[in-house]
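Colleague: Starting from the known structure of chain A, arrange chain B on it as the hints suggest.
So you can see what is in the structure, the chains are spelled out below.
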Amino acid sequence: MKFSLEWLTYFLETEASAAEISAKLNAIGIEVESLDDPAGQLAGFIVAEVLTAARHPDADKLQVLTVSVGPNFNGGEPLQVVCGAPNARAGMKGVLGQPGAIVPANGMELRKSAIRGVESNGMMCSTRELGLGDEHDGIIELPADAPVGTAFADYQGTSPVFDVAITPNRPDCMGVYGIARDLAAAGMGTLKPLREHTIDSLFPCPVEIRTDDPEGCPAFYGRVIRGVTNGVSPEWMQKRLLSAGQRPISAIVDITNYMMLAFGRPAHAYDLAKLNGAVVARRARDGEQVLALNEKTYTLDSTMTVIADDSGVHDIAGIMGGEHSGVSEGTTDVLLEIAYFEPERIGATGRKLGLSSDARTRFERGVDPAWLDEGLDGLTALIQRICGGEASEAVRAGAPPSEPMVVSYDPVLAEKLGGVAIPAGEQRRILEALGFEVGSDWSVTAPLRRHDIEGAADIVEEVVRIHGLDNIASVALPRAEGVAAPTATAAQKLERRIRRAAAARGLNEAVTWSFIPEPEAGHFATGPLWVLDNPISEDLKAMRPSLIPGLLAAAKRNADRGASSVRLFELGRRYLRAENGGSDERLTLGLVLAGEKNRRGWASGKAQAFDAYDAKGEVLALLAEAGAPVDKLQLMGEAGAQFHPGRSGTLRLGPKTVLARFGALHPATLAAFDVEGPVVAAEIFLDAIPERKASGFARAAYSPPALQAVTRDFAFLVDAALPAGDLLRVVKGADKDNIVDARIFDDFRGQGVPEGRKSLAIEVTLQPGDKSYDEAALKAIAEKIVAAAAKLGAELRG
Amino acid sequence: MSELDTLGSAAIARIEAAEDLSALEALRVEFLGKQGSVSALLKTLGQMSPEERQSEGPKIHALREAVTGALAARKEALESAALEAQLASETLDLSLPAPEAPRGSVHPVSQVMDELAEIFADMGFAVATGPEIEDDWYNFTALNMPESHPARAMHDTFYFPDTAPKGGKTLLRTHTSPVQVRTMMADGGPLRIIAPGRVYRSDSDATHTPMFHQVEGLVIDRDIHLGHLKWTLETFLKAFFERDDIVLRLRPSYFPFTEPSVEVDVGFAIEAGRRVLGGSGDAPGHGWMELLGSGMVNRRVIEMSGLEPDEWQGFAFGVGVDRLAMLKYGMDDLRAFFDGDVRWLRHYGFSAFDQPTLSGGVGARP
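Line by line, the protein sequences give chains A and B. Residue 467 in this note's numbering sits at position 467 of the first sequence, and the numbers go up by one each step. Residue 126 in this note's numbering sits at position 126 of the second sequence, and the numbers go up by one each step.
In isolation and in its complexed conformation, chain A is listed as follows (with noise of 0.2 Å):
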């Protein structure tokens, strides 16, 4: 809401500067998002005479004038400027920008120059390019009386203009009066006393007014001014309304909007002669229109209370007046309107409608309901010493709100509270000088217009703003005795763990989007999506059933930038159904590798691409580090749709516990998601992995064998598509006392090797206990393995 001090300082006595108000508005909770001086915009535009005009020897549309610019600039001499305006004429009076100028709005500076040749200094200004406003037709023209060579500032009577940000709890503040009146209680001056009105009624009002819908709109009043000219408003108004941002319309629309900024009251004035019947605040009915002042259509529903009379709608009640009632320039009779409308009604029907206006903001936060009758008088008084007129009576259908909130208030609870001492006399007069009422016993009435006002901690807020937020001390919170106690759970350690890990073997943690495009969350899907019912766009609809989706969507972004090599991973959740239809939301790691694993090398050769085996890699070695039990996880298939069927894995603890899938992505899903492959990717269910029972530090004992451990090399012939793993468990498995390790270092298939077998050649590490093997205990020893091989049809090659 923006404002000039002017208009503040019609309220509020006060010596302080723009700056020091300023500053305290910061400090009492009126945040200051602006302070502009006019005065500093318009230096070097000064009130100029044109004494000639002529035609441009070189251009049809330009002139080229001599100025007068009085005795105190060019020597007293008149300027040649060089001007396009139509309007420009021997004898006017306007505003001259001289070079060195900043033109408000464009912030251009202005040059001595020459024009088709013609040598101009300086420019002749309209309206809008001095930022008043958004006439352009031609240059300003002003008053014959306007002084030559004054300061175009001092003229005008320009002052600084605050725009401030009022909270939604203060529409009280909506207003400048309500502004003066919280820097006056925090000692920036004294409030002046608002003019009391009387007003001549001198016949009954001609108007039927009626409330049909109490909760709606539980007070009405009006009164009917016959006889008004509808010409402008005076310019003292049009200033304070321009500073406001506001257009200047007409003398009585500019008035119902000068109440509106200077007290927050809303108000609203209809052509008499337009309206047919009494006057009635009703309920809308279902599908019942309203062309409203913004020309545009709205269709209305019974939820809403609209003010209407035998002919139709005439007001979207508290939101917007009707196009067709409006006052227009020939309006000669006008019945105001000045009413309470239910804040949460006005909010509703708001937002249902999507049309917001300053009415709207106001009634839907609270208006003063104790302030009806000083609003319709102050109104009317207005209307009739700028437009003339004579009132009608005033009529009041039905009555606000008038319940005060009383609160039991003990002045210790500013410093329990709020943390500041503040003396109860002290307390006693801000509250005061804000307007609440304050008993012996401390019980607060707090004024009708402090809707906001719910119990003690509003007063608490109320004595700490207007005392300042500065006075309070800081002091530390309580610490427990000693180094501070861990505070992460299991979870949370795992995360950071596994987080680290991953970057350390080289990958890039990436920051994706939690909602993606539909069809590639549907691509990832395994149950019914969440899908945005407003999302800000298609790219940004369906949240995540998979990390992947995401990362691959950033590997192909980085493919497209030139990227040879991209290892990306996310650590964050998937967003699934619970059985109850609520969220279920998993921590998950994806990881997608694309591109090329090594760069083509001096000493590698060729560029080798990722692999399936480089995604295995990763899950084991992060599912190592996050504590999984990787000995015991078994390999199996289905991994899912979006996985090349041959060329994947899961890893699981059981056959139901999916810790993790991996392996080559589809060629159909590189396709969906326009990506070239071959991209490799995992994702580790960190949910699924089950927490280490909770154990000491010392670790179980352990002292290195005395004896060295000695290696065994085996070649098995097995059926080609026997897993190479399931070899290895049985040999593993074949001698638990002796056998500690076992690995595999070949796959051979071709000659010597018979067509549909392989052979698998496999190193043992055999562990002694207290003596040394024996050829008779190795020779054992490979029987057991030979044997237990056999059972997957493996034969020891000769």
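Treat the hints with care, as some may be off.
Using 20 Å as the maximum straight-line C-alpha spacing, the simulated EDC-like pairs for lysine to aspartate or glutamate come out as follows [as the list claims (entries may be wrong)]:
#1 Lys166(B) to Asp584(A)
#2 Lys556(A) to Glu518(A)
#3 Lys556(A) to Asp341(B)
#4 Lys169(B) to Asp584(A)
Since the hints were derived computationally from the structure, they do not count as laboratory data. Here the structure is a predicted model, which is why all the values come from computation and not from measurement.
Modeller: Relative to chain A, chain B alone:
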């Protein structure tokens, strides 16, 4: 000089002059072989009288020792020279690159969240989490924003068509504050938590993204007041930015879930085109920037969270994690946080070993 001495000097001179191992071997045979000259001398010992043997024996043995030693020394010298010569032909061009290893990185948001956890742990705060797909009771109603509250409309909320299991609308949480309610309901008082996480608003421009990160702080106890809030925020920001000259400006504000409500500005200066926190915003060349929203938890929120509001009171605050990251580490485009550009991630990301610690300082310098 005796005949033996002459023989010895000549033999050693020839050994030392041997040019390669085969020449040396020939000399060994010539002197020490079965037919060798030194071997022949040794054989003469048998025909000598005991007296002669007494005097000649040691001389002949000494000669043999000298020749054997010279042969061994020369052999070692020749082998060593041969090895050097071989190595000289085996040089590698070590200016060629070593095998490459990829350099991974931790995202700035994660890094800052770890830093926050570390700082607040020292002040006794645990980290709490909650769902991102929330219902409107937790996101709004329990935070004192009933259905008709104008502040609801200001939240630019993303909604789902689904009805929540407990009734009401399903939405993406617009702030981390629902975690306050959930934690109070689950754990009761006293409490000290921070709740970092993703939040969502349907807002997108240069400085806003529809998804961003917030961290919520909550302290519930019996005698907590605004002074504690001020200290906590000052202490946290000084530790986070590792600067003692952080100056806060508290301004009264309005949030439905706090009363009194306090907006917190922090003083900064422009250095080399960047905002650098520190100093009073009123000092020359300085300004204030809005950083945090905070306040004393509204008693209605405490009540709706199942605590007795006459017994428990406390403060809450919320701040953007991405914003903290940008201010500390100098990124200027929020949208780049969520793009996954590996060039950006490598530049602004952190080493796995930049684990924040109190002893090492929670910040990581480039």
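Colleague: If a hint holds in the structure, say so; if it doesn't, say that too.
Modeller: To see whether the hints hold, each was checked on the structure:
1. Lys166(B) to Asp584(A): 15 Å, holds
2. Lys556(A) to Glu518(A): 18 Å, holds
3. Lys556(A) to Asp341(B): 10 Å, holds
4. Lys169(B) to Asp584(A): 16 Å, holds
In this structure, every one of the numbered hints holds.
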